Amino acid sequence: MTQHARTEIASTVRSIVDRWKGEEGPLLPILNGIQRELGHVPRESIPAIAEALNLSRAEVHGVVSFYHDYREEPAGRHVLKLCRAEACQSMGGDAVAERLQKLLGIRFHETSADGAVTLEPVYCLGLCACAPSAMLDGEVIGRLDDAKAQEIVAQVRT
Amino acid sequence: MCFVNEIDYGTPAVKSDKTVTLTIDGRSVTVPEGTSIMRAAREAGIAVPKLCANDMVKAFGSCRLCLVEIEGRGGTPASCTTPAADGITVSTQTERLGAIRRGVMELYMSDHPADCPACAQGDCEMAAMAEAVGLAQNRYGQEGANHLAPAPAGAHEVNFKELDISNPYFAYDPAKCIVCSLCVRACEEQQGTFALTVEGRGFESRITAGMDEPFLQSECVSCGACVQACPTGALQEKSVIEMGMPDHSTVTTCAYCGVGCSFKAEMKGEEVVRMVPYKDGKANRGHSCVKGRFAYGYATHKDRILNPMIRQRISDPWREVTWEEAYSHVASEFRRIQHQYGRGAVGGITSSRCTNEETYLVQKLVRQGFGNNNVDTCARVCHSPTGYGLKTTFGTSAGTQDFDSVEQSDVVLVIGANPTDGHPVFASRLKKRLRQGAKLIVIDPRRIDLVRTPHVEASYHLPLRPGTNVAVLTALAHVIVSEGLFDEAFVRERCDWDEFQDWASFVLQPENSPEAVEKASGVPADLIRGAARLYATGGNGAIYYGLGVTEHSQGSTTVMAIANLAMATGNIGRPGVGVNPLRGQNNVQGSCDMGSFPHEMPGYRHISEDATRAIYESLWGVKLDDEPGLRIPNMLDAAVEGSFKALYIQGEDILQSDPNTRHVAAGLEAMECVVVHDLFLNETANYAHVFLPGSTFLEKDGTFTNAERRINRVRKVMEPKNGYADWEVTQKLAQALGKDWTYTHPSEIMDEIAATTPSFAGVTYALLEQEGSVQWPCNEKAPRGTPVMHMGGFVRGKGKFVRTAYVATDEKVGPRFPLLLTTGRILSQYNVGAQTRRTENVVWHEEDLLEIHPFDAENRGIRDRDWVKLKSRAGETSLRATITERVAPGVVYTTFHHPETQANVVTTEYSDWATNCPEYKVTAVEVSPSNGPTGWQEDYEALSQRSRRIGHVEAAE
Chain A
1 MTQHARTEIA STVRSIVDRW KGEEGPLLPI LNGIQRELGH VPRESIPAIA
51 EALNLSRAEV HGVVSFYHDY REEPAGRHVL KLCRAEACQS MGGDAVAERL
101 QKLLGIRFHE TSADGAVTLE PVYCLGLCAC APSAMLDGEV IGRLDDAKAQ
151 EIVAQVRT
Chain B
1001 MCFVNEIDYG TPAVKSDKTV TLTIDGRSVT VPEGTSIMRA AREAGIAVPK
1051 LCANDMVKAF GSCRLCLVEI EGRGGTPASC TTPAADGITV STQTERLGAI
1101 RRGVMELYMS DHPADCPACA QGDCEMAAMA EAVGLAQNRY GQEGANHLAP
1151 APAGAHEVNF KELDISNPYF AYDPAKCIVC SLCVRACEEQ QGTFALTVEG
1201 RGFESRITAG MDEPFLQSEC VSCGACVQAC PTGALQEKSV IEMGMPDHST
1251 VTTCAYCGVG CSFKAEMKGE EVVRMVPYKD GKANRGHSCV KGRFAYGYAT
1301 HKDRILNPMI RQRISDPWRE VTWEEAYSHV ASEFRRIQHQ YGRGAVGGIT
1351 SSRCTNEETY LVQKLVRQGF GNNNVDTCAR VCHSPTGYGL KTTFGTSAGT
1401 QDFDSVEQSD VVLVIGANPT DGHPVFASRL KKRLRQGAKL IVIDPRRIDL
1451 VRTPHVEASY HLPLRPGTNV AVLTALAHVI VSEGLFDEAF VRERCDWDEF
1501 QDWASFVLQP ENSPEAVEKA SGVPADLIRG AARLYATGGN GAIYYGLGVT
1551 EHSQGSTTVM AIANLAMATG NIGRPGVGVN PLRGQNNVQG SCDMGSFPHE
1601 MPGYRHISED ATRAIYESLW GVKLDDEPGL RIPNMLDAAV EGSFKALYIQ
1651 GEDILQSDPN TRHVAAGLEA MECVVVHDLF LNETANYAHV FLPGSTFLEK
1701 DGTFTNAERR INRVRKVMEP KNGYADWEVT QKLAQALGKD WTYTHPSEIM
1751 DEIAATTPSF AGVTYALLEQ EGSVQWPCNE KAPRGTPVMH MGGFVRGKGK
1801 FVRTAYVATD EKVGPRFPLL LTTGRILSQY NVGAQTRRTE NVVWHEEDLL
1851 EIHPFDAENR GIRDRDWVKL KSRAGETSLR ATITERVAPG VVYTTFHHPE
1901 TQANVVTTEY SDWATNCPEY KVTAVEVSPS NGPTGWQEDY EALSQRSRRI
1951 GHVEAAE
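Just so you know, the sequences run in chain order A and B.
Note that the first sequence covers residues 1 to 158 in my numbering.
Note that the second sequence covers residues 1001 to 1957 in my numbering.
Because the hints were derived from the structure by calculation, they are not lab data.
Check each hint, because a few of them may be wrong.
Pulled a few chain A residues facing chain B out of the computed Cβ check, cut under 10 Å [unchecked claim]:
| id | residue |
| --- | --- |
| 1 | L28 |
| 2 | R43 |
| 3 | E51 |
| 4 | L55 |
| 5 | A58 |
| 6 | E59 |
| 7 | H61 |
| 8 | G62 |
| 9 | V63 |
| 10 | S65 |
| 11 | F66 |
| 12 | Y67 |
| 13 | Q89 |
| 14 | M91 |
No experiment lies behind these values; they were computed from the predicted model shown.
Backbone N, C-alpha and C define an ideal beta-carbon position, used for all residues, glycine too.
So here's chain A without its partners, still in its complex pose (with noise of 0.2 Å):
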């Protein structure tokens, strides 16, 4: 990492600490703030937060990897969440997961080397009745066919 992305991640997470370390309860609010800032949040800022808020490294990091919206590396220009849950299973998402696979040319939990799209796999989107789902960039997807796919792949592409 170049000096200029450290001095520009110290700074940004500092001002988010400093907006939220007096409200109560104040980590959760902290690491959405740096999620949102960075897209990611970096393992240096951990020590950053536990010093501000009086908490050890350990808590903090133990909080962080709880949650699996905090992410440690910056995602790729699109996210694609692809439900893995049972009611998706069932409608065939065994089938179009492995077909996006492919199509993308990633497994789950990597991003593609050109940093354009990332996969993961989410447990429901509360979209069963329309089985398989997935989740574009925060939109939803229902009813998911070799189509869509064709579709959801394109759209990342460009």
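Once you have looked at the hints, place chain B on chain A.
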């Protein structure tokens, strides 16, 4: 041989006035309200299966093994989290419970290594629990998702973690971990460090240290609480992995700091496998720190000297001799010197590391055998002002409370002490109370860890300039008196009212106001006012202090200023309050109690009291000198002058621990017979003519007295490697000098102490066996000892207020020496480091560092880790710098654990006006960049090398 087994009640004891009675498996049991069903069952003799609970931490209810059925209630609640209720009927063993437990255990075992070596050793509760619940099968196999092996190549790795052996004393094998979180809770609730966490969620949950770091790099302080709590072999002592499980154990007392923790020495043959904190130990209540728990390896270190040695001149190599030759050589030399230079030309120094019995014998040897009072002890350089100050104001030379008292404190004032490093087990107990809501005031030049550490933050930190304790404490008193915050009823009843009024008028003088004191101390007046109001009005106020109070030119005055504050606010004579010195060494309290000072007989009775002398004169059959003898600095001065020629030093390294090293060296060099009785060829031994090998605390019986006046038993677990316990060696010396000592066991020495010392009159080994430990005074008035002193009134009668005028030290900063140096210690090392440097603890602190503020460092062109020269008017030394804002601008700080650093080359000969306790905590210095060690360090290193040669004589044919 037996194994000390402690009952684990599963959940902590509950204090309550109300009790409830319930029936468990047909047995009726009555417990305090709020007690868990699990604990109630254990008290009735029923052990409910469990994995995630122990009686040191709060119940958590995660393992699902301890389920029970309660008549009339649905489901199967966890017995650890369900409180006992009046009239309920509980079953801990039914067919349904058995089936559930077997199911749960089967799942656990399907993800537990089939070949777990800890299970095989018996150090893993998994095997025991599987047996307890009758598990006979594993239908799941171990092929599915598990935590036992790395995921196949290319798969997303979330479950497997590598073995972590970074900590020198214990290993963490995540494959054996069941994520019960006992270790996390022990680290948080017991130790208060919060170094561990559960990472991830669900099946991916893993225990990690810090932010997924190796233990050694995390916040872990290696106290061992997690290892002790772990129900599986996931966290295990490396010594157990190497040596296997111990087969017998003995309860004894740690020989490090003044907390005096009780440990079980768990043994295999004559070897210590591990030291495990003892839950019934009243000082530590089952907790420990890295030193007591793990750093005992020095006891068997190869550097230990096991044979007596003699040499004519200190430039000669050592010559190994028989014990008989050593005794007769010492006896004839001491006789010759006394004949030639006079009776007063010899003396002895007792050790705060040795037992009460051994200390008593050394002062007896000096008084009876040498016929003078030239006996002193290392407390001279640490807590002698405590003795003087508390004796003057309260009437006894000791702290007023037991450690349990802190559980009832509301405001804690810590001054000149760094408990998290110096007295870690007490610090953990203190932090626990602070997390419950008690307030903290810290008065210290340095921002010590307690000022702000996870979940603890001081309400006030008064960062005073070193040397201004008296000014700041008197200013606190000024606020308390001027704002009418003192406890008039208490003062009128317990103290001398006229003296109080005199003192009150003194503290009210304008020069004692916070605003005036701000100039000298650098502490903003509003901080002083806030702290004073909090201490006086915040409820039970307790003061804890350390060497930052005593090691000053006004050390005794500071102790009295502390006593004044406690008396004025009525914070004396009940649990939760008091004045508590945190004693540096394991037996400083005891060595002072045993008459180690040149002016006092055992029990702090002045040598000039005819009645006291008469007791010992009739028992010992000699006439005792009624004049006090020489203190350590006086002995050294007299040696340089030529009138003091021989010294017997038991277990103290005065060259390294006493101030102004060059003066000590000159004094020792001028003597004709220096006898060093120690484990190692320490720095003082470089100047010795006779070396007598010492024994460790593991090799002898005796007692240590800790900071709370608690007399704890030390029990022998192995034969002395050198052949004799220290008390036996002193006895042989006395016999060589013609004294008819015939002690066959230390208990007989304690009997003599009890028979001659009123405050110890009731102490016997039988009583200690029965009670575990007792706090003196222990006599017909207090047959089971005295946890809190001055309950109904002060020992001296009326509490005495003493005017405490602030006199600035003569050690002043100026153009040549513009910075103030103060010294302290660090968690992993102990005192001069003779023990801890010979253990793996060096991984945490391999050298002494000079802490310097970024402002002062920049002015001098010093970067982090640079070599710097530290120079005072007494001398100079070199060490590396570390740049930190812990110290204020104008203040630098270092530790004195390593002999290469020789921090005491720099400290001066200034000392406390009343007791000669050296002013270690204030030295005017200059710091400048340097290339490496100074000339003195190099010369001294060469001398050490030369002086430690041992000549090996050809074996006789």
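Take the shortest C-beta to C-beta distance between R43(A) and chain B; is it under 10 Å? Given a least distance of 7 Å, the restraint on R43(A) holds.
Does the interface hint hold: is Y67(A) within less than 10 Å of chain B, judged Cβ to Cβ? holds, 8 Å
Given a cut of 10 Å on the nearest C-beta pair, is the interface hint for L28(A) held or broken against chain B? Check failed: Cβ of L28(A) comes no nearer than 15 Å to chain B, outside 10 Å.
Report holds or violated for the interface hint on H61(A), using the least CB-CB distance to chain B and a cut-off of 10 Å. holds, 4 Å
Can the hint on E51(A) be confirmed by a CB-to-CB distance to chain B that is less than 10 Å? holds, 9 Å
Is the interface hint satisfied for Q89(A)? The criterion is a beta-carbon contact with chain B at less than 10 Å. Not OK, violated: Q89(A) not within 10 Å of chain B, min 17 Å.
Given a cut of 10 Å on the nearest C-beta pair, is the interface hint for A58(A) held or broken against chain B? Hint holds; A58(A) Cβ to chain B Cβ min 4 Å, cut 10 Å.
Satisfaction of the F66(A) interface hint, Cβ to chain B closer than 10 Å: It holds, given that the least Cβ distance between F66(A) and chain B is near 5 Å, below 10 Å.
V63(A) was flagged as interface toward chain B. Is the shortest Cβ-Cβ separation under 10 Å? holds, 8 Å
Agreement of hint G62(A) with chain B interface, Cβ distance less than 10 Å: holds, 3 Å
Restraint: E59(A) near chain B, CB-CB cut 10 Å. Satisfied or not? holds, 6 Å
Evaluation of the interface hint that places M91(A) against chain B, nearest CB under 10 Å: Given a least distance of 24 Å, the restraint on M91(A) is violated.
Going through the hint list in order, the structure does not satisfy hints 1, 13 and 14.
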